[in-house]
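Chains as they are written, first to last, in this note's numbering: chain A, 1 to 342; chain B, 1 to 342; chain C, 1 to 342.
Check the hints yourself; a few may be wrong.
What the hints assert, rightly or not - A few chain A residues that face chain B, going by a derived Cβ cut-off under 10 Å, partial list only:
(1) P53
(2) R63
(3) Y76
(4) D79
Calculated from the structure, these hints are not laboratory results.
Quick caveat: nothing in here was measured; it's all calculated off a predicted structure.
By construction, the Cβ of each residue, glycine as well, lies at the ideal position given by its N, Cα and C atoms.
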Amino acid sequence: MGSLTPLVKNGWYIGAWSDEIGCTLMQRWIVGRPVCFYRLQDGTVNAIEDRCPHRKYPLSLGRLDGDVIECNYHGYRIDGSGGCVGVAEQSDRPKASVHRFPLVERDGVVWIWPGDPELADPALLPDTSWLTDPGWTHVHGVVPLKARQLLLVENLLDLTHETFLHPSSIGNAAVAATPIDVTSEGDRVSFTRHMVGIEAPPFYEKSMGLTSPIDRWQDGDFYAPGVFQLNMRLAPTGTEEPEGFHMKVIYGMTPATETETHDFFALGRDYLIDDEKLSEFQLQQQLAVMKEDVDALEIQEVMVASEAPGARESSIRSDVAGLRGRRLLEKMAAREAAVAAR
Amino acid sequence: MGSLTPLVKNGWYIGAWSDEIGCTLMQRWIVGRPVCFYRLQDGTVNAIEDRCPHRKYPLSLGRLDGDVIECNYHGYRIDGSGGCVGVAEQSDRPKASVHRFPLVERDGVVWIWPGDPELADPALLPDTSWLTDPGWTHVHGVVPLKARQLLLVENLLDLTHETFLHPSSIGNAAVAATPIDVTSEGDRVSFTRHMVGIEAPPFYEKSMGLTSPIDRWQDGDFYAPGVFQLNMRLAPTGTEEPEGFHMKVIYGMTPATETETHDFFALGRDYLIDDEKLSEFQLQQQLAVMKEDVDALEIQEVMVASEAPGARESSIRSDVAGLRGRRLLEKMAAREAAVAAR
Amino acid sequence: MGSLTPLVKNGWYIGAWSDEIGCTLMQRWIVGRPVCFYRLQDGTVNAIEDRCPHRKYPLSLGRLDGDVIECNYHGYRIDGSGGCVGVAEQSDRPKASVHRFPLVERDGVVWIWPGDPELADPALLPDTSWLTDPGWTHVHGVVPLKARQLLLVENLLDLTHETFLHPSSIGNAAVAATPIDVTSEGDRVSFTRHMVGIEAPPFYEKSMGLTSPIDRWQDGDFYAPGVFQLNMRLAPTGTEEPEGFHMKVIYGMTPATETETHDFFALGRDYLIDDEKLSEFQLQQQLAVMKEDVDALEIQEVMVASEAPGARESSIRSDVAGLRGRRLLEKMAAREAAVAAR
Numbered sequence: 001m002g003s004l005t006p007l008v009k010n011g012w013y014i015g016a017w018s019d020e021i022g023c024t025l026m027q028r029w030i031v032g033r034p035v036c037f038y039r040l041q042d043g044t045v046n047a048i049e050d051r052c053p054h055r056k057y058p059l060s061l062g063r064l065d066g067d068v069i070e071c072n073y074h075g076y077r078i079d080g081s082g083g084c085v086g087v088a089e090q091s092d093r094p095k096a097s098v099h100r101f102p103l104v105e106r107d108g109v110v111w112i113w114p115g116d117p118e119l120a121d122p123a124l125l126p127d128t129s130w131l132t133d134p135g136w137t138h139v140h141g142v143v144p145l146k147a148r149q150l151l152l153v154e155n156l157l158d159l160t161h162e163t164f165l166h167p168s169s170i171g172n173a174a175v176a177a178t179p180i181d182v183t184s185e186g187d188r189v190s191f192t193r194h195m196v197g198i199e200a201p202p203f204y205e206k207s208m209g210l211t212s213p214i215d216r217w218q219d220g221d222f223y224a225p226g227v228f229q230l231n232m233r234l235a236p237t238g239t240e241e242p243e244g245f246h247m248k249v250i251y252g253m254t255p256a257t258e259t260e261t262h263d264f265f266a267l268g269r270d271y272l273i274d275d276e277k278l279s280e281f282q283l284q285q286q287l288a289v290m291k292e293d294v295d296a297l298e299i300q301e302v303m304v305a306s307e308a309p310g311a312r313e314s315s316i317r318s319d320v321a322g323l324r325g326r327r328l329l330e331k332m333a334a335r336e337a338a339v340a341a342r
Numbered sequence: 001m002g003s004l005t006p007l008v009k010n011g012w013y014i015g016a017w018s019d020e021i022g023c024t025l026m027q028r029w030i031v032g033r034p035v036c037f038y039r040l041q042d043g044t045v046n047a048i049e050d051r052c053p054h055r056k057y058p059l060s061l062g063r064l065d066g067d068v069i070e071c072n073y074h075g076y077r078i079d080g081s082g083g084c085v086g087v088a089e090q091s092d093r094p095k096a097s098v099h100r101f102p103l104v105e106r107d108g109v110v111w112i113w114p115g116d117p118e119l120a121d122p123a124l125l126p127d128t129s130w131l132t133d134p135g136w137t138h139v140h141g142v143v144p145l146k147a148r149q150l151l152l153v154e155n156l157l158d159l160t161h162e163t164f165l166h167p168s169s170i171g172n173a174a175v176a177a178t179p180i181d182v183t184s185e186g187d188r189v190s191f192t193r194h195m196v197g198i199e200a201p202p203f204y205e206k207s208m209g210l211t212s213p214i215d216r217w218q219d220g221d222f223y224a225p226g227v228f229q230l231n232m233r234l235a236p237t238g239t240e241e242p243e244g245f246h247m248k249v250i251y252g253m254t255p256a257t258e259t260e261t262h263d264f265f266a267l268g269r270d271y272l273i274d275d276e277k278l279s280e281f282q283l284q285q286q287l288a289v290m291k292e293d294v295d296a297l298e299i300q301e302v303m304v305a306s307e308a309p310g311a312r313e314s315s316i317r318s319d320v321a322g323l324r325g326r327r328l329l330e331k332m333a334a335r336e337a338a339v340a341a342r
Numbered sequence: 001m002g003s004l005t006p007l008v009k010n011g012w013y014i015g016a017w018s019d020e021i022g023c024t025l026m027q028r029w030i031v032g033r034p035v036c037f038y039r040l041q042d043g044t045v046n047a048i049e050d051r052c053p054h055r056k057y058p059l060s061l062g063r064l065d066g067d068v069i070e071c072n073y074h075g076y077r078i079d080g081s082g083g084c085v086g087v088a089e090q091s092d093r094p095k096a097s098v099h100r101f102p103l104v105e106r107d108g109v110v111w112i113w114p115g116d117p118e119l120a121d122p123a124l125l126p127d128t129s130w131l132t133d134p135g136w137t138h139v140h141g142v143v144p145l146k147a148r149q150l151l152l153v154e155n156l157l158d159l160t161h162e163t164f165l166h167p168s169s170i171g172n173a174a175v176a177a178t179p180i181d182v183t184s185e186g187d188r189v190s191f192t193r194h195m196v197g198i199e200a201p202p203f204y205e206k207s208m209g210l211t212s213p214i215d216r217w218q219d220g221d222f223y224a225p226g227v228f229q230l231n232m233r234l235a236p237t238g239t240e241e242p243e244g245f246h247m248k249v250i251y252g253m254t255p256a257t258e259t260e261t262h263d264f265f266a267l268g269r270d271y272l273i274d275d276e277k278l279s280e281f282q283l284q285q286q287l288a289v290m291k292e293d294v295d296a297l298e299i300q301e302v303m304v305a306s307e308a309p310g311a312r313e314s315s316i317r318s319d320v321a322g323l324r325g326r327r328l329l330e331k332m333a334a335r336e337a338a339v340a341a342r
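Using the sequences plus the hints, can you model the full thing?
Shown next as C-alpha cells:
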C-alpha cells in the first residue's frame, strides 16, 4: 500500500452538494485539478478549470457577469462553455478556452466527471433517489481529509473498525465478530453483515430508544471509483421486515489531490422524519464519528507514506471487500494509464 | 510557464536600500545564496557569502570587530575581502575565504552582482539619478513575495492588470483599453502607453487634486534581469509638457530563491516635494497596491506550479512586452548554462 | 558535508531514559522508523515497530492488555515478541508480526539496536556505571533537534565552540586557546583538553564557588555511532587528583530521521550530591546551554542543506576529533550499505 496509486479520472464523483453552489464562484480541487463551480443564470450548475487560459489566475477570484466570468487579473472573459468571449485589451477575441467538466445535478448532489467527457454517461450514476423520497429525511456535509482516497475506501469497506475506533457511538464487539458476505460485479463491490440478537451500540440506543437485544444490518455498496452507500436496519430482535428503523449513508470519496480527499456524507432515516432535534443530534453524532475516522486516517497516511517500499502487509477475511475495492481502483487506473500511453 | 526558468546570475540586482545597511550584520538571500551585508569602518557597503568557510554557520550571526567578522560558532575571523585572517584555536591562519560580491552603492541603492565578478561592469547600471535629484522626492521599501521572479516581471510589463486588480486606486478601464508601443534593445524592453482624455483613477484624484478628463502616460523600461523603471505623467487633458505631475517608480525584482522574490520599490514625484503628509499617503497607497499584487502573484504561483507540464497558455497583444521580457530572461539563463557547461 | 550521510543502523543508541517508559505506550522515531516503547508486566522494557502489520496504524495508539497490544483500528493483537496472537474478526490467528528491537536497560538507560539483531552485542555498550554509583548524582532529559545527527556529533567533538556560543555559562577564551590530544581505536574517538591556571567560566563559579585561577579538564569519548561521554574536572590551580570537582556528561545522539535527532543528556557530579537546589540549577543551566546549541545547529542545518553540492569546507587542528568521528560514521554506513547490497 506504500506507494500511491494513480487517481482514477473516469468516473462520477461527488463534486458538491447542490446547496453549496449559488451565485458566487467556488474553487474546489477535484482529482488533482482546481475546479471553479457556480450556477448559470438559468440555475444550471457549471464547472470549469479554475485557471484562466491567459496567465492561470483562478477564475473563481473573478467577477461573475451574467454567465460570463471576467478574470480579475487581466480581464479575460470566459463563458459557461469555458470559451473566451473577449477581453478588454483588444477588440478581437482571443482563441482560448478552459476545460468544462461534465456535471449532473440530481437529488441534491452535483456529480462531476474529471476524465474524458466522451465517457461521462449519466447511466453510470448510482441510484440516490432516497435523498428526495418524501418518506426519508437526511443531513449532509463534507469534511476535509489529509490522506489518500484509498485509505478512506478501505475504511468504509471494512466496518469492523467500528468496534475499535467508535466504541462510544456506533461500534461494539458484534461488528468485528460478525463476518460479511461479499459480492462484486463490474465496478461495484458489495457486502452484507447481518448481526442478530446483539447489544445496541450507544448511538442507536439514544437516537431510536432501542433496548437490547437488537438485530442490526449493514449492507454496503462501493461504486468505484468514489462512491459508497450503506443501507442499515436496526430493530428489536426478531422484528420482520419492513418493520424496524432504516438508515442510509452515502459517502462521496472524492480525491482533491493524491494525498487529500473530500469526505462527502449524507445520513438519512425513514423514521421521525419531521423531528429536527433528532436531525441535529444525528448530524453532530455523524461529524463526531467522522472526526474519529479522519484523525485515524491522517495518522495512517503518515505511517503508510513513510514506510519502506515493498513492506509487507497482513490481511484477513474481513479485508476481502476492501481488497477487492483496492484492486478495482488499481485496474481502473492501469486502464487509464494504458489509454494515455497510446 | 509551468516549469521554473533558472535564475540569471550575471546582472545587477538591487540588494538593499542604503539606509537598510549599518553597523550590524544583515542576512538576505540573493539569487539562491545567503548574503551577509554590512558596512566597513570607512562606510563602504560590503557583502560576502553568509556561510563561514569552516562549518557554514551564518557569519551574519557573528560579531563585527572593526572590519572583521568573528564567526559565533568556532571563531573564524573573516575580513572585508571574505578572507580568513585568523582563528583563536591556532596561531597559523587557515587558508580559507568566502565569496565577496561586487557591489555598487549609488543614489541610495546598493546594487549586487551575484554572478561572475569579472563581468560586473558598473556601466551596465540603469540611471537612477532622479533618486537624489533635488527637484524630486521619493518613498521606498521592500516587500517579500512568495512567487518566482518571472511572475513579477510579467506583472509589471503588462500594466493592464491595474484595471482589474487595482480599481480602487491606480486602475480604471482606460489602462486596459489603451494599447502600448513596445521597443527593445539589448537587455532592455520598453513600452509606452499614452492615455488621453481619460477619467482620473482614485489615487491620482486624491494625491494630485486632478479632475477628469486627464492625460496619463506610462512609459516603462525593463532592464533584464531584475530592474523596472516606470515614468508617469498625469495632467489635465491638453496640458503641454513639461507641465503636469511627474512620477517615477523603480522596482527591484531580486530573486531570493527560485520561488521567492524581493520586491524593492521606490516611488517618486516632482511636485509638492516638501509635503511629508503626501509622502506618507503615497507610501501607504503604494504598499496597499503592492499587497494586491503580492496576494495575486502568490496565488498565481500556486496555480502555475501545480499545472501539468506542457499546459497551453493564451497571449494577446498587451502581452508583447511581458513575453519579450520572459524570452530575454530565458536567453540570459541559457547563455549562463552554456558557459557553466563548458 | 552538504549531502546527507546514510544513518548507521548497527549500533547501540539511547532509545529512552528508564523513567520515561511505564505502563503506557510511547511512540518515538529511531533511525528512520517509528518505535513503540512500553513495559511488559514483569517490568521488562519492550520496543516493537510502531506499525500494525495489518494496515500500519500505530500500535502505540492501541490498548495494552497485559503484555498484548490491541490495535485500535481493527483489533490485531500483538504480543511482546511482535507476533500477532489473534484478532476479533476470526478465530484463526493471522500469520503476521512486526520487528522487535533488541533492548538493554542498564543504569537507567534504555539502549536500542535499530539494525541487525544478530549483531546486537551488549558487550559493545559503553560503561555508564557512574549513573548508579552512590558517590554520584545526576540530572537527565532529552531535547529535540531539527538537524542531522552529524552536526551534533561534530558539535560535541569540538568543544572550542563553547568559547563563542556559550560565553555566559560554560565557555571562555581558554577553551579555544587550549589544543586537544586525540586518540582513536576501533569505533571510539577520544580527546583530552587540560586547561591549567585559567579563569573560571560563570557556570562553574556559581555552581562550585570556584575562584580563578582554576584547572579545567575535558576528556571526551565518542562511541560511534551515537554516544558521547565527557569527563570533566575543575579545581583550584595546582590541586592534585583525586581532589577537585568532577562532572560527567553522557549525550545520546540518536537520529530520529535523516534530519532530526534526539539529544539525550545526563549531567552528573561527585560533590554536594544531596543538594537538590544545585541539581535543579544544573538542570536549568544544562537546558539553557543545550538551547544555544540547538538554535545554532538548526540554523547550521539550513545553511548546510541549501549549499551547492561539492562546496568546499575549511578545517583546522581543533577539528581532528570531529573529522575522525565523521569518517567513522561514513565508514560504518558504507559497510552497512555494502552488506545490504549483497
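Hints, one by one, checked against the model:
About 4 Å separates the beta-carbon of P53/A from the nearest beta-carbon of chain B, less than 10 Å, and the hint is met. Hint on R63/A holds. Least Cβ distance to chain B is approximately 8 Å, under the 10 Å limit. At about 8 Å, the closest approach between the beta carbon of Y76/A and any beta carbon in chain B falls short of 10 Å, and the interface hint on this residue holds. Hint status for D79/A relative to chain B: violated, with the closest Cβ pair at about 15 Å, above 10 Å.
When the structure is compared with the earlier hints, a violation turns up for hint 4 alone.
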